[in-house]
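Participant: Chain by chain, the residues run as shown.
Protein chains: 2
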Amino acid sequence: MTTLDEKFRALEADNAPGQEVRQETSNLNKIMRGEKYTGIPVDFSHGDVDAFPPTPGSSEAWKNGFDKGGQQAYTEYRGAAQIRESLAERLGTFTGSPISADRELIITPGTQGALFLALGATVTTGTKVAVVEPDYFANRKLVKFFGGEIVPIPLHYQGTPSENGPDLNRIEDAFKSGTKVLVFSTPNNPTGLVYSSNSIAEISTLAATHNVTLIVDQLYSRMLYSGEVYTHLRACDIQPENIITIMGPSKTESLSGFRLGTAFGTARLIERMERLQAIVTLRAAGYNQAVLDTWFQEPAGWMQKRIREHEAIRDELLKIFRAADFWTATPQAGSYLFPQLPPLDVGSNTFVRLLRRQAGVTVTPGTEFAPGYNDSIRLNFSQDHAAAVAAAVRIVKMVGVYRK
Amino acid sequence: MTTLDEKFRALEADNAPGQEVRQETSNLNKIMRGEKYTGIPVDFSHGDVDAFPPTPGSSEAWKNGFDKGGQQAYTEYRGAAQIRESLAERLGTFTGSPISADRELIITPGTQGALFLALGATVTTGTKVAVVEPDYFANRKLVKFFGGEIVPIPLHYQGTPSENGPDLNRIEDAFKSGTKVLVFSTPNNPTGLVYSSNSIAEISTLAATHNVTLIVDQLYSRMLYSGEVYTHLRACDIQPENIITIMGPSKTESLSGFRLGTAFGTARLIERMERLQAIVTLRAAGYNQAVLDTWFQEPAGWMQKRIREHEAIRDELLKIFRAADFWTATPQAGSYLFPQLPPLDVGSNTFVRLLRRQAGVTVTPGTEFAPGYNDSIRLNFSQDHAAAVAAAVRIVKMVGVYRK
Chain A
877 MTTLDEKFRA LEADNAPGQE VRQETSNLNK IMRGEKYTGI PVDFSHGDVD
927 AFPPTPGSSE AWKNGFDKGG QQAYTEYRGA AQIRESLAER LGTFTGSPIS
977 ADRELIITPG TQGALFLALG ATVTTGTKVA VVEPDYFANR KLVKFFGGEI
1027 VPIPLHYQGT PSENGPDLNR IEDAFKSGTK VLVFSTPNNP TGLVYSSNSI
1077 AEISTLAATH NVTLIVDQLY SRMLYSGEVY THLRACDIQP ENIITIMGPS
1127 KTESLSGFRL GTAFGTARLI ERMERLQAIV TLRAAGYNQA VLDTWFQEPA
1177 GWMQKRIREH EAIRDELLKI FRAADFWTAT PQAGSYLFPQ LPPLDVGSNT
1227 FVRLLRRQAG VTVTPGTEFA PGYNDSIRLN FSQDHAAAVA AAVRIVKMVG
1277 VYRK
Chain B
877 MTTLDEKFRA LEADNAPGQE VRQETSNLNK IMRGEKYTGI PVDFSHGDVD
927 AFPPTPGSSE AWKNGFDKGG QQAYTEYRGA AQIRESLAER LGTFTGSPIS
977 ADRELIITPG TQGALFLALG ATVTTGTKVA VVEPDYFANR KLVKFFGGEI
1027 VPIPLHYQGT PSENGPDLNR IEDAFKSGTK VLVFSTPNNP TGLVYSSNSI
1077 AEISTLAATH NVTLIVDQLY SRMLYSGEVY THLRACDIQP ENIITIMGPS
1127 KTESLSGFRL GTAFGTARLI ERMERLQAIV TLRAAGYNQA VLDTWFQEPA
1177 GWMQKRIREH EAIRDELLKI FRAADFWTAT PQAGSYLFPQ LPPLDVGSNT
1227 FVRLLRRQAG VTVTPGTEFA PGYNDSIRLN FSQDHAAAVA AAVRIVKMVG
1277 VYRK
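Chains A and B, in that order, give the protein sequences.
Under the working numbering, think of the first position of the first sequence as 877, with each following residue one higher.
Under the working numbering, think of the first position of the second sequence as 877, with each following residue one higher.
Calculated directly from the structure, the hints in this document are not laboratory data.
Hints are not guaranteed to be accurate.
Since the list gives no way to pick one copy over another, a pair counts as held whenever it fits inside one copy or between any two copies.
When the alpha-carbon atoms are kept at most 16 Å apart in a straight line, the in silico EDC-like pairs for lysine to aspartate or glutamate are as follows [what the hints assert, rightly or not]:
hint, residue 1, residue 2
1, K906, D926
2, K883, E1147
3, K1181, D978
4, K939, D1169
5, K1195, E1039
6, K944, D926
7, K1020, E911
8, K906, D1169
9, K1004, E1048
10, K1273, E1048
11, K1052, D1260
12, K1273, D1260
13, K906, D1221
14, K1280, E1117
15, K1020, E900
16, K944, D1169
17, K883, D926
18, K883, D1169
19, K1020, E888
20, K939, E1187
21, K1052, E1039
22, K883, E965
23, K1020, D943
24, K944, E888
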């Protein structure tokens, strides 16, 4: 049996995005080579909502919620019925399959909240859970926290488009040998890979055959770059009985400060998630829920412009990293880059800390996304364009200095 | 081993406050005696933030947070350092013992969030947890969810002041026989009983002797009625090593729509709670955290007036219920009443549903707070004074109609 100490060691969060401020970095002075670099500090651990501000009208929508008073402060645990009603319609249209607002949708405190509830509703001691590697760092932690057993599924992302994707054979093997749940993100965090329609159809069919629950995190599916195609799992012809899709407005829409997410799918699982939410946080903050009224209803052209601006940053950072010979996949969607660095004289966690201290650049170590990714770093490039470019140049310079 | 089905059956939330809207009530028509009553519907399942609105300046404080942008959207998981800094000072003063803002305080999504994290940080499969009965309904559900074993501690609340309080002998027995955690609320939810200084000192000393973790929910400790004295556990001379105090501005201050809570105490446990928060919701909504700047800094006289107005409602409802011979303890603090009803012809859950359908009055069944409390109902009387009084009269009338 896992003790609480072991349980919480597995939840170690010192290198998690946003927590860098708690790290002890004074001991880095001894190994720092050269002086500190000048330049605007850039925190690539998350998007910069000052550079890409929240959806227009979001604070007014919040105020409308506040002014509604009690009915908005105390919603059902799964969220205000009226908001779910219109949201279900828009999310159903976007994902290609209708959603019952009453039974198949829950509003959560961020998509982190949705993931927690979804895994809490499906994983208990001994449950085998297939987890893609690399993928969002909390997936593995959540499975461990609920006592599940991780069955790793490699994601190929360094090949040609036709070679790339999750290892479907490994998924089938896992499903055949007692795996009950598969959790994955598409677009993938940290690589920006979008699962092909073939991969998605295969996963759906395999899950239907072997009665596996699918939890798909589509957080970044709206920020799709030129020429890319997105396939929604819930629009597949063959569907497993249990499927939960997770989306939220924290990234592309920069509404992270509101902590809003949604999960939709199998009614029985949504029901469980609501019961769990009742003891976790009761509900997403009532007034904040009103901000969901802006979601998928942004001003005309706003989303297109936002995507275009991100694509321009993506392209310039790719150029910089590739010129320095960092192998880097082209993100098809979302604002993550996952460059692979050449061998360094210092360990990867140390390099990441040096980067922060010496170059004013915060990134997330690859090891947060799967064991073994010591040589990669993740950047959320939803940043001020010029500052991001200058920071990428500093990363390249730092690698030059600490290279083996 | 508990299956997921069993696990979620234990989390059944149909009778939980706020969820009544999801209940099927059409089958009540057959057993309804007489017509529906007229009168303003009153939902005693939670406070009415329209009758007692949020702290003045709360929406402006929120807007200040929003206008701060990225730094307020993405705080450390335990909450924005600057907000914790000033809050720690005010909470330390209120509770009679200093708090380190850096190591001993976490901001959570409501006090529900704080309770979840505190129990998650201390309870795992097989942990024996002493739970007071009756007490806040989520305590028992949380212990079960984390795989703990409930050791019930009776709370005496129907005697004289000197007889009332938790059964200290039972607490000592529990501590002697391997109980690792005690969780309780003071003022007690649902009875409004405030633990005496003697009870608090005894609990603290016993926990220190037997190395038991104390989790105390002081959510309502600011709304203290005339002549009552409140004792803060964390101000005791003899302290156990592990102690967490939970407070938040959702009740007395009517800030529930912001989902804000705090937990403070043992640094090692706060650290664990933060790690857990990282996979549960990341953080309390960033912009909302800014509203904590209004807490314990309300305009002069505002809190006194609020307490006075609640005391007036309390006194009038007590008069109504006592005139009808419903045994009802006098709440010493907080806005809960827990009247005991005479024997009825219908089951307690049915009566509660009839009350909602026929009389427009929503209350929470006593069985939510401990097994066996079929004859009691809980009312949150933080309501419009006149509407609450009229609704209490309807409750008495309904009891007359359905009496055995």
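Participant: Please go over all the hints and tell whether each is borne out by the structure.
Facilitator: Structure-based check of all given hints:
1. With identical chains, the CA atoms of K906 and D926 are never at most 16 Å apart, being 35 Å at best within one copy and 59 Å at best between copies.
2. Taking CA atoms no more than 16 Å apart as the test, K883 paired with E1147 passes between copies only; the shortest distance there is 13 Å, against 27 Å inside one copy.
3. For the identical chains of this complex, K1181 and D978 are neighbours neither inside a copy (34 Å) nor across copies (41 Å), given an alpha-carbon limit of 16 Å.
4. Taking the shortest Cα distances, K939 and D1169 sit within 16 Å of each other inside one copy (12 Å), while across copies they are farther apart (18 Å).
5. For a Cα distance limit of 16 Å, the shortest separation of K1195 from E1039 qualifies neither inside one copy, at 23 Å, nor across copies, at 77 Å.
6. Taking the shortest alpha-carbon separations for K944 and D926, only the inter-copy value of 9 Å comes in at or below 16 Å, while the best intra-copy value is 28 Å.
7. Neither within a single protomer nor between protomers do K1020 and E911 lie at most 16 Å apart by alpha-carbon distance, with minima of 41 Å and 55 Å respectively.
8. Within a single copy, K906 and D1169 get their C-alpha atoms no closer than 52 Å, and across copies no closer than 40 Å, so neither meets the 16 Å cut-off.
9. With identical chains, the CA atoms of K1004 and E1048 are at most 16 Å apart within one copy only, with a shortest distance of 14 Å there and 41 Å across copies.
10. In this assembly of identical chains, the alpha carbons of K1273 and E1048 never lie at most 16 Å apart, being 44 Å within a copy and 64 Å across copies at closest.
11. Taking CA atoms no more than 16 Å apart as the test, K1052 paired with D1260 passes in neither setting, with 47 Å inside one copy and 60 Å between copies.
12. For the homomeric pair K1273 and D1260, neither the shortest alpha-carbon distance inside one copy (20 Å) nor that between copies (66 Å) is at most 16 Å.
13. Proximity of K906 and D1221 under a CA criterion of 16 Å is satisfied intra-copy only: 14 Å inside one chain copy versus 79 Å between copies.
14. In the homo-oligomer, the alpha carbons of K1280 and E1117 never lie at most 16 Å apart, since the shortest distance is 52 Å inside one protomer and 48 Å across protomers.
15. Taking the shortest Cα distances, K1020 and E900 never come within 16 Å of each other, neither inside one copy (27 Å) nor across copies (37 Å).
16. Taking identical chains as interchangeable, the C-alpha atoms of K944 and D1169 lie at most 16 Å apart only when both belong to the same chain, with a minimum of 14 Å there against 23 Å between chains.
17. Taking the shortest alpha-carbon separations for K883 and D926, neither the intra-copy value of 36 Å nor the inter-copy value of 43 Å comes in at or below 16 Å.
18. For a Cα distance limit of 16 Å, the shortest separation of K883 from D1169 qualifies neither inside one copy, at 39 Å, nor across copies, at 34 Å.
19. Only within a single protomer do K1020 and E888 lie at most 16 Å apart by alpha-carbon distance; the minimum there is 12 Å, versus 25 Å between protomers.
20. In the homo-oligomer, the alpha carbons of K939 and E1187 never lie at most 16 Å apart, since the shortest distance is 33 Å inside one protomer and 31 Å across protomers.
21. Taking identical chains as interchangeable, the C-alpha atoms of K1052 and E1039 are never at most 16 Å apart, the minima being 23 Å within one chain and 62 Å between chains.
22. Proximity of K883 and E965 under a CA criterion of 16 Å is satisfied in neither setting, with 40 Å inside one chain copy and 32 Å between copies.
23. Taking identical chains as interchangeable, the C-alpha atoms of K1020 and D943 are never at most 16 Å apart, the minima being 42 Å within one chain and 38 Å between chains.
24. When the C-alpha separation of K944 and E888 is checked against a cutoff of 16 Å, the pair qualifies neither within a copy, at 40 Å, nor between copies, at 29 Å.
Checked against the numbered hints above, the structure breaks hints 1, 3, 5, 7, 8, 10, 11, 12, 14, 15, 17, 18, 20, 21, 22, 23 and 24 and satisfies the rest.
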